[in-house]
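Q: For reference, the chains in residue letters:
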Amino acid sequence: MTEAGRSTATAGRSVGEAYNFAYLDEQTKRMIRRCILKAVAVPGYQVPFGSREMPLPYGWGTGGIQVTASIIGPDDTLKVIDQGADDTTNAVSIRRFFARVAGIETTDRTAEATVIQTRHRIPEHPMREDQILVLQVPKPEPMRYLEPRELECRKIHGFSEYGLMHVQLYEDIAKFGEITTTYDYPVMVNRRHLMSPTPIPKFDNPKMHRFPALQLFGAGREKRIYAIPPYTEVKSLDFDDHPFEVQTWDECCALCGAEDSFLDEVITDDEGGKMFVCSDSHYCGERRAAGHVGPMEGEDAPSFARPADQEADGS
Amino acid sequence: MSGTVGGHDLAPGFADPVLGSQSAFRGVLEAMSRPGRVVTLSTLPTAPAPLDPATAALALTLMDFDTPLWLDDAATTDSVTDYLKFHCGCPVTGEPDTARFAIVADAALMPPLDAFDPGNDLYPDQSTTVILQMKSLAEGPRLRLTGPGIERDAIATVDGLPAGFLDQWAANRTLYPLGVDMILTCDEAVLGLPRSIELEG
Ligand SMILES: [Zn+2]
Numbered sequence: 002m003t004e005a006g007r008s009t010a011t012a013g014r015s016v017g018e019a020y021n022f023a024y025l026d027e028q029t030k031r032m033i034r035r036c037i038l039k040a041v042a043v044p045g046y047q048v049p050f051g052s053r054e055m056p057l058p059y060g061w062g063t064g065g066i067q068v069t070a071s072i073i074g075p076d077d078t079l080k081v082i083d084q085g086a087d088d089t090t091n092a093v094s095i096r097r098f099f100a101r102v103a104g105i106e107t108t109d110r111t112a113e114a115t116v117i118q119t120r121h122r123i124p125e126h127p128m129r130e131d132q133i134l135v136l137q138v139p140k141p142e143p144m145r146y147l148e149p150r151e152l153e154c155r156k157i158h159g160f161s162e163y164g165l166m167h168v169q170l171y172e173d174i175a176k177f178g179e180i181t182t183t184y185d186y187p188v189m190v191n192r193r194h195l196m197s198p199t200p201i202p203k204f205d206n207p208k209m210h211r212f213p214a215l216q217l218f219g220a221g222r223e224k225r226i227y228a229i230p231p232y233t234e235v236k237s238l239d240f241d242d243h244p245f246e247v248q249t250w251d252e253c254c255a256l257c258g259a260e261d262s263f264l265d266e267v268i269t270d271d272e273g274g275k276m277f278v279c280s281d282s283h284y285c286g287e288r289r290a291a292g293h294v295g296p297m298e299g300e301d302a303p304s305f306a307r308p309a310d311q312e313a314d315g316s
Numbered sequence: 064m065s066g067t068v069g070g071h072d073l074a075p076g077f078a079d080p081v082l083g084s085q086s087a088f089r090g091v092l093e094a095m096s097r098p099g100r101v102v103t104l105s106t107l108p109t110a111p112a113p114l115d116p117a118t119a120a121l122a123l124t125l126m127d128f129d130t131p132l133w134l135d136d137a138a139t140t141d142s143v144t145d146y147l148k149f150h151c152g153c154p155v156t157g158e159p160d161t162a163r164f165a166i167v168a169d170a171a172l173m174p175p176l177d178a179f180d181p182g183n184d185l186y187p188d189q190s191t192t193v194i195l196q197m198k199s200l201a202e203g204p205r206l207r208l209t210g211p212g213i214e215r216d217a218i219a220t221v222d223g224l225p226a227g228f229l230d231q232w233a234a235n236r237t238l239y240p241l242g243v244d245m246i247l248t249c250d251e252a253v254l255g256l257p258r259s260i261e262l263e264g
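Note that the protein sequences, when read in sequence, are chains A and B.
First residue of the first sequence: 2, per our numbering; consecutive thereafter.
First residue of the second sequence: 64, per our numbering; consecutive thereafter.
Hints were generated in silico from the structure; no laboratory data involved.
The reader is advised that the hints may include incorrect statements.
[What the hints assert, rightly or not] To spell it out: a stretch of chain A is covered by chain B in this simulated footprint if at least three of its residues, at any positions, have a beta carbon under 8 angstroms from a beta carbon of chain B; those stretches are:
id, segment
1, 35-48
2, 72-86
[Unchecked claim] If you want the footprint, here are the derived chain A segments under chain B, 3+ residues with CB under 8 angstroms:
id, segment
3, 20-27
4, 154-167
5, 186-194
Where is the CB? At the ideal position from N, CA and C, for every residue including glycine.
Chain B extracted, bound-state conformation:
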């Protein structure tokens, strides 16, 4: 679907919404099941700037009126909010701790991880999933990941994490089984970072 909203063109979603979401879901499922593995999504929508196609694919696949969304200032543009309202219908919230999803287009603008909802003791699933757009998922500082989904360890070389991220992640780890989950995106690819994972620089 595409159209005009508020006087500017609206980027279309998946060419085939049903099969596009299914394909993107399997990609992000693989990424979350095998943290550290960079998974290139095979079916992508046209994304409104500054969203990467992978970020837009995740939004179309996972978000709807049941999932309040928090956007950083970089992602808060008319073309993005119109796109998400039109294709997903998700409410946008200004409070990160009420968001089921967050999209961070500029890592420098990401609030500390503990600003998001970690879920609660009875329902740790009710936590925020933060989608963070990266400069690169192919080159950059080396991270070593261990935990469920990983046979021994996984090495990721990623560029674009916010300053002090490893300390924030370590604090998030101490909340387990509560905690924020993350999906790192860049261009057409995603990398899963569920709360169960230990990170070393």
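Chain A on its own, in the form it takes in the complex:
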């Protein structure tokens, strides 16, 4: 069992001798909490906030951590995933951080968590109304690579002038016959604000639409918070003649046989051997525990490095 399987059960106040509860001071939490409420009031709009120095460098989820630290309480159970996996370095260190500074319970089970902080995936397991999903954001501004000037980006959102983005996507179609963006595929939220869904695969975009749980987004380096309230309309940009489509695979998961989950290609040996496995490690494990079997089952389930264990990205 990994560290995630255990949980700390220290009572709320008896933790972190040298820390404030959940690390942040109360004035910072108040400021972030006000931003979160305004973010909820204007779905998809990026609220600037006064990001604080965190004991982790940018790129390790400091935006998500500040959001989580501002909402979490002693009754919460936290799950942290990085590209779908609970057991990567980044996920483990964020989970340990909150176990230490807030004394909260942690879990790797999606259904048991009240707050899930994630980088680059939305869990496969459906989420409920009484849960909150916190997404780490490296680059919050969907218009940034088309319009580098911050003030101009604010005007674009202010006046809903998103023509540039449509042009960009249509140029993709003209050049490649399809929209080639597969991650961080822009979405229109509540028919008003163009939003970066974060570098989730576009496979996950449809999950955001009318999602029962509140989704909060925190960008540490660029100091933005945004939100999608429950059941909000979230539409991936597309065109009548080129409707939005998610990735599909010819394979199923080699370990659990799932045909409905996002698959990572992993290398299994030095001779170019490879297989496809669920990116959501808890979902895969849950299915195997329930008796689902993939084509690799029976052989020794090979060990492999998950692609999530890699460099920081600015979130």
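Chain B with the ligand: place on chain A using the hints.
A: For chain B with the ligand alone, coordinates are given in the frame of chain A:
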């Protein structure tokens, strides 16, 4: 904390300021995320009259020296202003359009919604949040809410909105994504009314 200021007793804030604010915040976050849902706050401070405990909890949780506050005449009592100065440190402003928060204890004294700050095109988040104390969030005229946070529609039965409120709210809606946000309070409960919501009587 409690004490004596200006010769009268000061009501204490949360018994545990850190966990009290966290708990109240989750309550108001749920209320703003799921408009129409009446959320009872589980941790409440002692409130100076005429503030409801939920109103005082919101003040302790959200207000500080960065958030100018506008108070209606009913809420402008020594015990309230001393309480807010002592526990929150927020400046009190006489101009509703400079306020980040407003507390309205008597709906009859509420200025029209467009007297408050709706934010601006570049920063629609810089708008006033109006906290309005209601006679009831359980019984009263029926309102139908639709919009983000609501699966199909939500029905609220509330008593105590100012006269002509639905028209003012409809005008506020036309400013979207600018606009004033509201939190209705009564006793220990809150109901969120973000600017994104459509209201029908
Ligand atoms: Zn699997």
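Q: State for each hint whether it applies.
A: Hints, one by one, checked against the model:
no.: 1; hint: 35-48; verdict: holds (count 12)
no.: 2; hint: 72-86; verdict: holds (count 4)
no.: 3; hint: 20-27; verdict: holds (count 4)
no.: 4; hint: 154-167; verdict: holds (count 4)
no.: 5; hint: 186-194; verdict: holds (count 3)
The earlier numbered hints are all upheld by this structure, with none contradicted.
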